[in-house]
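Trainee: Here's the letter readout for the chains.
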Amino acid sequence: MFINYGQALQNALDQAMEQDPNVIAMGIGVDDHKAIFGSTMGLVQKYGAKRVFDTPLAEAAMTGVAIGAALGGLKPVHIHIRVDFLYLALDQLLNLAAKWHYMFGMQGHLPFVVRAVIGRSWGQGAQHSQSLQSFFMHVPGIKLVMPTTPYDAKGLLLAAIADPNPVVMIEHRLLYYIEDEVPEKPFTMKLGPAVIRRHGKDVTIVANSYMVVEALTAAKFLEEQKIDVEIVDPVCLAPLDAETILTSVQKTGRLLVVDTSWVCCGASSEIAALVAEKAHDALHAPIRRLGTQPVSCPVSKPLEEEFYPNAHNIVEVVYSMLGKKWENQKIPSLTTPFKGPF
Amino acid sequence: MFINYGQALQNALDQAMEQDPNVIAMGIGVDDHKAIFGSTMGLVQKYGAKRVFDTPLAEAAMTGVAIGAALGGLKPVHIHIRVDFLYLALDQLLNLAAKWHYMFGMQGHLPFVVRAVIGRSWGQGAQHSQSLQSFFMHVPGIKLVMPTTPYDAKGLLLAAIADPNPVVMIEHRLLYYIEDEVPEKPFTMKLGPAVIRRHGKDVTIVANSYMVVEALTAAKFLEEQKIDVEIVDPVCLAPLDAETILTSVQKTGRLLVVDTSWVCCGASSEIAALVAEKAHDALHAPIRRLGTQPVSCPVSKPLEEEFYPNAHNIVEVVYSMLGKKWENQKIPSLTTPFKGPF
Amino acid sequence: MQTMVDLQTISELYKIMLKIRLTEEKVAEIYPSDKIQSPIHLSIGQEAVAAGVCMALGPENKIFSTYRSHGIFVAKGGDLRLMFAELYGKETGCAGGKGGSMHLLAPEVGFLGSSAIVASTIPLATGNALASDYQDRKWVSTAFFGDGALGEGVFYESLNFAILKNLPVLYICENNGLAVHSRVEDRHHNSDLYRYGERLGVTGSRHDGDDVLTVYTVTKNAIKDILLGGPPILLEFTTCRWSEHVGPGTDHDEMYRDQDKVSQALANDPINRIQKVLQTQFEITDGQLSTWRNNIVDEINQAVIFAEESSFPSPEDLYQGVFMKQDI
Amino acid sequence: MQTMVDLQTISELYKIMLKIRLTEEKVAEIYPSDKIQSPIHLSIGQEAVAAGVCMALGPENKIFSTYRSHGIFVAKGGDLRLMFAELYGKETGCAGGKGGSMHLLAPEVGFLGSSAIVASTIPLATGNALASDYQDRKWVSTAFFGDGALGEGVFYESLNFAILKNLPVLYICENNGLAVHSRVEDRHHNSDLYRYGERLGVTGSRHDGDDVLTVYTVTKNAIKDILLGGPPILLEFTTCRWSEHVGPGTDHDEMYRDQDKVSQALANDPINRIQKVLQTQFEITDGQLSTWRNNIVDEINQAVIFAEESSFPSPEDLYQGVFMKQDI
Ligand SMILES: Cc1ncc(C[n+]2csc(CCOP(=O)(O)OP(=O)(O)O)c2C)c(N)n1
Ligand SMILES: Cc1ncc(C[n+]2csc(CCOP(=O)(O)OP(=O)(O)O)c2C)c(N)n1
Ligand SMILES: [Mg+2]
Ligand SMILES: [Mg+2]
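Chains as they are written, first to last, in the working numbering: chain A, 1 to 342; chain B, 1 to 342; chain C, 1 to 328; chain D, 1 to 328.
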């Protein structure tokens, strides 16, 4: 099927619900006509209001409800239209869900999935644009995936639902409209292995989620300049596939990490630290990181453009890592920019 | 005055309240006879129940109350006996407080302080032992300090209260009983500069909070083995004093980071990444990190001992960084271990 | 109740409501041009609540609000130019272009801020009232929120604290029956939202939020009582959102809408209702009305020009303002 | 009400209460030896609540609880050896030594877990009831919590959802009037906690939590109603914590204590009360009582020996169990 990311998510959820009557989908807006950017479209009609239901605005308790339901035999998929709302659920997710199986000596397990969308599109501002993967990477006990392609979206969501542990899936609004070929039959990706999006020999770029699109844009341009980058997409950030990253850096000798969130104590700092620890001798140049600037996300367009890392920044850093000077040419975009109205 | 950490905190709060009638202290248990390990002792008697008050169990709203009060001219110090409870307050702290001044174009400011204690002592388990500094380091807009000595406790708390921005102070239960000389008069430390706890030339150990005690224990032992480590205590983790750390690594060529929390996306990963980026050429050996093991904190004694990094682990890593083999001798402790009953 | 309000106040309320309506319509008109690159949550149809409450509050009492705050900004007396500039992301905006439509404020008239996290400013108003109480109840602090907010725990936590400490805080629930596309009865077993604080000790009452004179009078009385030392109060104002949840359009035909409610609301335009009072009880002429309208249209047009002509912040401004400098 | 309960049940309730008391006293006795290196929150004085509720629940209905759960573990029918081993941090403990006193569980008898974050398991019981409802109300899920929990927003969020979906959940508020050292009246304007869910639609009632027959009967009825399709119910049981908040001792003389309440509670020992019923109404002899007691003492001593003789986990066990392996 040639479908987009949102449709792939919908397709995965549909197939999971068809296969397993214990799978339920819950969350604010999952049953409305907008259907979380289409990703739950038609499911309430197909499976009924007992299995697909809207909730009151109560992220904390509803997360606890998902945990309790999982302990009762259900497999809830709890959906949030913005990652930012997860702050309200962190006590439940990190004090309870992350610790449950371990703290109770491996008794009780929590097969539930939290899906949350990074709001970036335009003008979402400080409270509707965040991506909190590093929190789930820091506290042990939750798996964290970030699908990039429609294929990932389906394969990872089906895997997440099948997994006996709590899995948080962070999606990206700007990826929702990307289309690709996706197998019709159910399939799962492993929650762990990274995906090499592009093979190359000069620089390893570890990028996740929408940052892969920017990295690919940069790579295409760099290719024309005879610079050959490798792009590693961790896809699953907890647990993290250190090996694939290290192997790539052993080959290229150079690492740039590009993350959707802030740099400080972010996913990019972990990946950088990991390589510094484990592949120090392979490095021909200092590791570099790119992420959102260390401020809150602003609404004003020129500020927002400065805030987010992009293909230009990637090219610039790659040049400097290779000791070349960057002339700041225009880089052709591979995607159509987000266009309103909202 | 020769006082302990808890008394130093009490002394600072007392002096701040004396100097400024807008300073208030709030939180569960601040006015009871245990007085948050003594750190608020006598204050309700001295300043009355309007300025020092217990709150209902409602970490989220009470944090918002502190924010709103700060916008109304008060300077609240909101105290939590465990860092773990802050998960409940993260929406207020990170979606609101951290963003307020910036998001509103520098209008409105939030002079309030959150104090929270890392619960580690014995058998505190998964939900009463965490230290979440990396969350406050990741999201821009909150200052984060971790006092190590009684001197820091006083100087940083007075500085935090005087600061026009939200400041989170993470204290450590095991430091509460450490005594030291502290000036009687009010004084402030700057929220930024790191403190060099020990000068040395062979290895830079960046350690924070109680980990400084373990690092000093290790250093004393290493000294006898003619290994001379430098110990840098960031004290303030946001903003982080990169310069002092980088200067030290430039000198020693080796970096070990020891943090009270998990390694992955923790403070230790940030410091490691920073040095890998900015002092790559100075490094004679791979950077190393130590933190709590990547599991939830267990209660059982042998597991708990394995969970926390200690002076032994530090010595072992330092040896390996210097290419020496560690024979696993007994390291004399510099502190008396925590002794119950609770 | 209506005759207790004098002509000048009624005229003022009318003008505020009209200004909100025309402002929102202008925003909707501009929106497809992509000059406003930020989600907008219009309050067309809900004007009476903002107007009545804010007029009763005056600039000296404080308010904290939500992403749906264009109306409150106008009603509280914010400078319209700063609001349009903010929507445009210009440096002259009320938040320097950093906040956008969802984060309006006008501290000079007591509008202290707004948040896009539902219910999150309810504790802020409560804490701000604590500061007022500390200064002998200098002001009333007000939390503005929708019916959706009553799902969130901080609502209850805040009310519990407010009544415990008897704080000068006013809770305004603007109940338009919807949270995005979810009806209040699908989120709450009991639809009497105004009673949700009752057992904690916070008295509430429900009123027609489309009758601006009621909104104004009820709020005025509540403020008086609170300033005299009375307990916190919860006021629920029922109203109808004419616009879609987010965006410039309408979606009256969508399934989630209660068609009867929509038609009834459209037929009882709150602005027409107060206009009729002015015309019939106070014999305000069409000429007078159109002078008012023209003045408002002028002000709005000026504001738009101001926004269009203002500069964007420069990229370096991105890095300013995470922290306030020490010496204030 | 009391005569409606048969002798066997009353005897059972008595034995459970006594077992809780003696267990807690044993824990307190051992504690100064530092063999239990974990904070303990005893429930001496509160035995009737755990006994009455858990006996009514039986093993088939589920319970989620707090750090103060020794009594619940015993009453729900957990294996005492596993509890002592857990307190000792031994690998044979009910949580393999990883949880400790604050994280007891006994899933084989429906005690699904306990958390040291106040109020945090209230939504879990609610969600677990959703799973039950999904399976035609197979069981009732119960949340056990203290008066302190009513400060937390998740309490209200959970009750709102439970009544909205009419879930088979029972909320048990064990009101000992204290949260650590803070009195309930210093945290809530209105002390009628059982009514706090009323406006959301959840009916509540308050009962003497030191009268085990009342606790049992009221809970039994609630479970019956719920299993028949009735709405969620909130039961408040008033009681008194004889011990200090945390630790093995008492602190009856501390300022925060209401001296009258303490003396009254001590004079009306809930165990004595039910013992008197057995003696006077059912003519149970002293000999019978001491046989029971001796059996309990034996069981406790056996459990302690089990704990002492069990091994600690090995350091490598630290790394086991963060995630469950895929194939279950
Ligand atoms: C905590 C939180 N959860 C979810 C959302 C997404 N959201 C934005 S507006 C909204 C509906 C709020 O409804 P209501 O409070 O009635 O306000 P209204 O939009 O009707 O003015 C929701 C669910 C949010 N912004 N914050
Ligand atoms: C969310 C949270 N806030 C604060 C605490 C600290 N604390 C532990 S027990 C307790 C008191 C709880 O009182 P209550 O719910 O009445 O239970 P009781 O101890 O009386 O059984 C507090 C405040 C906590 N564990 N969790
Ligand atoms: Mg609404
Ligand atoms: Mg209590």
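These aren't lab readings, by the way, just hints derived from the structure by calculation.
Yeah, the Cβ is synthetic: ideal placement off N, Cα and C, and Gly gets one too.
Some clues are possibly wrong.
[Unchecked claim] Okay, derived cross-link-like pairs now, DSS-like style, lysine-lysine, Cα gap no bigger than 27 Å in a straight line:
no., chain 1, residue 1, chain 2, residue 2
1, B, K46, B, K34
2, B, K251, B, K301
3, A, K226, A, K301
4, A, K278, B, K251
5, A, K50, D, K276
6, C, K165, B, K50
7, A, K50, D, K261
[What the hints assert, rightly or not] From the structure, some residues in chain A lie toward chain D, with a derived Cβ separation under 8 Å:
no., residue
8, P56
9, G68
10, L74
11, Q92
12, W100
13, Y102
14, M106
15, Q107
16, A282
17, A285
18, P286
Trainee: Against the structure shown, which of the earlier numbered hints fail to hold, in ascending order?
Mentor: Of the numbered hints given earlier, those the structure breaks are 2, 3, 5, 7, 16, 17, 18, listed in rising order.
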